[in-house]
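Just so you know, the sequences run in chain order X and V.
Residues in the first sequence are numbered from 1 upward in steps of one, following full-length UniProt numbering.
Residues in the second sequence are numbered from 1 upward in steps of one, following full-length UniProt numbering.
FYI, nobody ran anything at the bench for these hints, they're computed from the structure.
Just so you know, not all the hints are guaranteed correct.
Below are the DSSO-like pairs computed for lysine-lysine, each with C-alpha atoms no more than 30 Å apart in a straight line [unchecked claim]:
#, chain 1, residue 1, chain 2, residue 2
1, X, K340, X, K304
2, X, K190, X, K235
3, V, K73, X, K190
4, X, K354, X, K364
5, V, K97, V, K65
6, X, K415, X, K311
7, X, K347, X, K170
8, X, K137, V, K65
9, V, K30, X, K137
10, X, K340, X, K354
11, V, K65, X, K190
12, X, K354, X, K417
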Amino acid sequence: MYSLAKLPKGQSALKTALKRSVSSKASPAGGVSVIGFENKGPAATSSLTVAIKAGSRFESTPGVAHVLKNFAFKATANASSLRTARETELYGGVLSAGLTREHLYLTAEFLRGDEEHFLSVLASVLSSSQFHAHELKELVLPVVQSEAVSAQSSPVELALDVAHNLAFRKGLGYSLYASPHYPVTIEDVKTFAQSAFSKNNVAVIGSGISTESLSQVVSQAFGSGSAAAGSSGLKTTSTSYYGGEARIPLDIHAPATSVPTVVIAYGTTSPAGPELKVLKQLLGGESSLKWTPGTSPLSQAAEKVPGSSAKAFLLPYSDAALFGVVVSAPTSPQLAGLAKEVAQILKSAGSGAKDEEVKRAIAKATFADASASETLQGLVANAGPALFAGGEIKSESFSGVSASSISKAASELLKSKPTVVSIGNVNVLPYA
Amino acid sequence: MPSLTKMIFGNGPLGPSFAPFIRQHPGIQKYWARWSNFYKNAAGYRQKGYLYDDLIVEETPQVQKALSRLSAKQRYDRVFRMRRGLTQSMAHKNLPKEQWVKADEDVRYLTPLIEQVVAEEAERAEWDYMTVEKIQQKRAEKRNIFSKREGTH
């Protein structure tokens, strides 16, 4: 018989779950830097992510990084792509690949105890992917194409992609998506993969697994002459900011969900500091309560046009950052009025902010920063770049942020030439 | 080693063939090679400029898939040989002797691709009809519940 006394107490179980031992030190295992985050508590799943410094900024041929991302988990020397998929299903795991401008992430999520199998899958992807020409044609390119088309049909994604190109031109400015104008051959993929999958270009991030046990299995899996030793042959140019304007007509056949969109952004060529994170919260655009627009200037502006939205964004990179606002409204004339207003708000950003507003924004930024690492995506996005930068993961300190430091950072940012992308009826939308 | 029947009839679109069996036995292969060469020269396709793999029946899904995996050059050459061969057939003429396909030029460019496709299909079928060992164990356990009960007591 069960007695109530034997059941775990809800309170204490919650506490142990929240007590998250974050080991902030990475350890090298067989030449690969490794970090594990152990979830204490009832979590029954683990995940392994291989972060590879092979994002779109490193690509030698346009679109090759996107193709390589979709080549993940295809035939290796050990298993065909079908076998990898079916075995993963049997283990109850999920394999996924993600691409950012700087990194390629290969992720396996699985039940605890299966790490040996999934690490060997990840290791064989790095060491012995076969890159068959017929796989490129039959399995990879259709997916690449549909991803590129769906990105093209989403005005926000398209606008941000074009904004990066205007802002940084080369390196970070390269598109995340392959383009039909630049065919990628199997040889391009092979050479890109060969230089990307070198040991010093790879880091392993585990969750639900301790750093010690992870580094043990990693050195076993990666030790036996797998990922090529030596330095990565991938090169990227140091980032410089240009800015500019692009006006793109909204496709008349686009789905009803794609509404006219304007992106106004400013870039820096230094990594984003805490001030910019707070500035993003200060401008706001996203309400923290239901049924109310909130008090932030952007959401107040968007409130006046029904169905519209204006959201601040900050895209941090290792040597640059893009800060701005995405504005969208149901029709182009409505967007024109809103975009002008948002541009005014952005120009006066950070100046004349009240102390309580700043305090609120700092609290929001701290929470956003902390809660990001609770999800696997956020954790990987934090840990990946940190591992390559030096191997120490620190949570952002907002103690030095004040109203004056924010206005200083904002004025520094706003000095640069703006990047403006307008998508919609370009006859109506305003010029920068 | 697979069974003899499977070896002979399990070649998918390549049709029934003793070749896999003969290849397993070097003695037979050595003896058979001269008959094989005799047959290939007597069949007359080399005199029309075809390769052996041009004669494989292509109206099956597997061969179509294999053909789609040829390189652009291979595909072009295949079409060229077919057009030239058809012209020669209509004229009831062989090519001039210096243009006949020599034994070392008669490369099996398509067969490995067909075998690849057939192997992929077989692998898919294997995964589609597999039984997980744990499920089998459970089933076995359910069948003899009495023995299990004895074991636990």
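Enumerated hints in conflict with the structure, sorted upward
5, 9
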